[in-house]
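S.K.: Which chain is which? The protein sequence lines are L and D, in order. For the first sequence, position 11 (counting from the first letter as 1) is numbered 11 according to my numbering, and the numbering increases by one without interruption. For the second sequence, position 147 (counting from the first letter as 1) is numbered 147 according to my numbering, and the numbering increases by one without interruption.
These are calculated hints, taken from the structure and not from any lab test. Don't take each hint at face value.
What the hints assert, rightly or not - Footprint (simulated), chain L over chain D, 3 or more residues, beta carbon under 8 Å:
1. 39–53
2. 63–73
Unchecked claim - Ranges between beta-carbon positions, derived for each pair:
3. L:E287 / D:Q157: 27 to 33 Å
4. L:G439 / D:T11: 30 to 36 Å
5. L:G439 / D:Q157: 27 to 33 Å
6. D:T11 / L:P164: 27 to 33 Å
Claimed, not checked - Derived contacts from chain D toward chain L, CB cut-off under 7 Å, selection only:
7. E19
8. V56
9. L57
10. V60
If you're wondering where the values come from, they're calculated on a predicted model, not measured in any experiment. All C-beta atoms in this analysis are idealised placements derived from N, C-alpha and C, irrespective of residue type, glycine included.
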Amino acid sequence: MVRAAMRAMRFLTGLAILLVLGAGAFVSYAWHSAIDPIDPPSQASFDRTLVARGADLAAIGNCNVCHTAPGGQPFAGGLGIPTPFGTIYSTNITPDPETGIGRWPEAAFIRSMRKGVDREGRHLYPAFPYDHYTLVSDEDNRALYAFLMTRSAVSAAPPENELPFPFNMRMLLAGWKALYFREGPYQPDTSKTAEWNRGHYLTEGLSHCGACHTPRNRLGAEKKDEYFAGAEVENWTVYPINVNSPAPIPWEADSLTFYLRHGWHEHHGASRGSMAPVTANLGSIPEPDVRAIATYVADVMGRPSQERIARGEAALATVRKESASPLALRASSTGSGIGEAIFLSACQGCHDGRRSVPFGGLNLHLSSAVNAPNAQNIINVTLFGLPAAKGEPSAIMPAYRGVLSQDQLVALLDYMRERFSDQPAWADTRERVAATMNGEREVPIYRMDGTTQAPPETSMRTAPWP
Amino acid sequence: MAVTLTVNGKTQQVDADPETPLLYVLRDDLELNGAKYGCGVGQCGACTVMVDNEAVLSCVTPVLLLEGRRISTVEGLGTMEKPGPMQQAFIEQQAAQCGFCIPGMMMRAQALLQANPTVDEAAVRAHLEPNLCRCGTHMRIVKAVMRAGELMHQSSQSGGST
Ligand code: FES
Ligand code: FES
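Produce the complete structure using the sequences and hints provided.
M.R.: Laid out in structure tokens, this is it:
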């Protein structure tokens with residue numbers, strides 16, 4: 001009830017602000033003319049090298065992830081994107097003339113990326129991250145256009161957005177843009193290296209890392225003063241990737257490059273949740289671009305303090321020692337009871353560090369998840385597992401949803417936090433466990449190849465929770 | 001140490017450490033050899049049984065989690081003389097090559113069909129995905145599961161018990 005009232009309050013405040021701004025900014029931002037439709041260009045009219053470059057850029061931009069519905073055709077749209085304001089459905093960006101962008105001239109595509117308006121001149125919702133894409137160069141936009149216009153056309157109209165009044169009024173977006181949108185393209189920082197600039201351009205532009213890694217304000221804009229500070233997206237905890245990164249062994253450009261390309265790193269574990277499709281995409285592009293992104297992000301994280309480096313080394317030493325000594329098979333009689341017993345008998349067999357990631361599980365002394373502000377990611381992975389990638393080797397983890405009760409899972413999580421992190425106990429584990437188990441928190445499960453097992457597959461349980 | 005387990009409707013005490021994987025207890029102590037040891041690390045599904053109507057990998061499930069829960073194995077689906085619908089369907093379709101994966105396949109499929117015997121083939125395929133078959137028997141397995149669904153649906157229509 002309280003939550004509903006708060007939501008209503010938030011909604012009304014948001015509404016008032018938007019109305020005022022919408023009126024104010026109307027003149028300067030609101031109006032864009034339509035760009036005349038064209039007859040769909042033939043695929044042969046596009047230069048093959050341009051198309052190939054566009055493919056890499058589309059992978060960096062993660063376009064397929066939002067513009068593909070679960071089980072649907074790539075780029076044909078229709079994925080529901082939940083926002084605090086309602087559900088927005090991604091559009092069809094295949095060259096279908098009626099339901100896709102087949103009649104969009106190149107200029108309209110470039111304008112949509114740069115200014116966030118569609119061919120007809122209507123404002124687009126920033127669920128399409130044009131606050132980032134505005135930085136993309138004309139040259140790269142031309143390659144993206146060539147790539148998209150040479151996909152197979154799929155006739156598929158996305159469902160209507162489910163946005164209550166007034167958020168269904170696109171005119172209000174002019175106000176949002178006046179507040180939060182700064183038009184590109186990217187301007188390099190001449191005091192930095194070319195690689196750093198390339199990384200900055202990709203990270204802030206196409207990769208739009210901040211769309212998940214930077215928390216958002218009440219109106220859904222990224223909080224610039226909490227850059228890369230972490231957030232919660234689709235009921236996955238998104239880690240801070242600034243100085244507050246929870247990784248026990250500090251990230252470096254090398255380890256990040258490896259992780260982003262392979263979807264795992266021996267000192268950090270496997271990518272999952274909404275990060276899985278990102279690493280799947282980045283695995284398909286030339287290494288120098290991934291390295292540039294890693295170089296920039298590592299720079300944002302900053303050089304770790306001596307104290308952090310020492311803690312990382314200590315964690316690694318503990319892992320080496322543990323993997324060289326015999327396993328404790330039984331919970332100690334003085335130990336932490338059921339949580340410890342579950343860990344030793346169900347988790348340790350893989351997570352003892354004897355087989356290295358990705359063939360074995362991460363020793364949790366190295367885990368970001370146990371050091372995160374809440375237990376959500378471990379809850380998700382424990383209940384739903386990591387499904388195998390389709391047709392390629394990948395890390396996997398069996399799901400425990402069929403057997404763990406709420407109490408057992410809470411005890412296990414408390415034990416893990418206590419043993420593997422020096423942070424204080426989590427405060428809201430029980431609520432999170434309950435809400436995830438009863439489906440109130442709906443958790444999309446992504447495979448490491450980037451295909452989703454979006455709901456309803458996540459509720460693959462056939463019986464109610466015990 | 002003794003653990004109390006309810007397997008195929010029978011509650012019994014087993015002399016085993018609480019940390020022991022269910023699979024070992026089933027095979028070594030209860031002589032229920034239907035569930036198979038494939039990988040032992042939750043990656044193949046050969047050891048699948050049901051716990052309270054849900055498919056569970058018994059090789060990575062310690063018995064300490066199972067006190068008071070209902071465990072069913074392939075032996076609980078029927079007898080030689082009177083095979084249950086799942087078993088009947090696998091016999092009809094001759095859905096086994098070496099047979100090693102089959103008890104696990106049956107139990108995972110049973111969990112699905114018990115909840116809804118009329119699911120479509122796509123759902124069956126998706127649901128069985130965690131279970132591997134090294135012999136390539138997949139097409140027959142899917143057919144058998146579809147057939148089992150029919151049998152279970154028929155008998156629920158005619159008021160019979162499954
Ligand atoms: S033996 Fe249990 S999953 Fe392979
Ligand atoms: S029949 Fe041999 S493993 Fe499936």
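S.K.: Is the hinted range of 27 to 33 Å satisfied by the C-beta distance from L:G439 to D:Q157?
M.R.: holds, 30 Å
S.K.: Let's test the interface hint: is any C-beta of chain L closer than 7 Å to that of D:E19?
M.R.: Given a least distance of 4 Å, the restraint on D:E19 holds.
S.K.: Indicate whether the distance between the beta carbons of L:G439 and D:T11 respects the range 30 to 36 Å.
M.R.: holds, 31 Å
S.K.: Given a hinted range of 27 to 33 Å, is it respected by the beta-carbon distance of D:T11 and L:P164?
M.R.: violated, 54 Å
S.K.: Three residues or more, CB to CB closer than 8 Å: is that satisfied between the region 39–53 of chain D and chain L?
M.R.: holds (count 6)
S.K.: Double-check D:L57 for me: the hint is only fine if its C-beta lies closer than 7 Å to a C-beta in chain L.
M.R.: OK, holds: D:L57 within 7 Å of chain L, min 5 Å.
S.K.: Holds or violated: the region 63–73 of chain D covered by chain L, criterion of 3 or more residues with Cβ-Cβ distance under 8 Å?
M.R.: Answer holds; 4 residues pass the 8 Å Cβ test.
S.K.: Between the beta carbons of L:E287 and D:Q157, is the distance compatible with 27 to 33 Å?
M.R.: violated, 60 Å
S.K.: Return the status of the interface hint for D:V56: holds when the least beta-carbon distance to chain L is below 7 Å, violated otherwise.
M.R.: Cβ of D:V56 sits 4 Å from chain L, so the hint holds.
S.K.: Any CB of chain L closer than 7 Å to the CB of D:V60?
M.R.: This interface hint holds because 6 Å falls under the 7 Å limit.
In summary, the numbered hints that this structure violates are 3 and 6.
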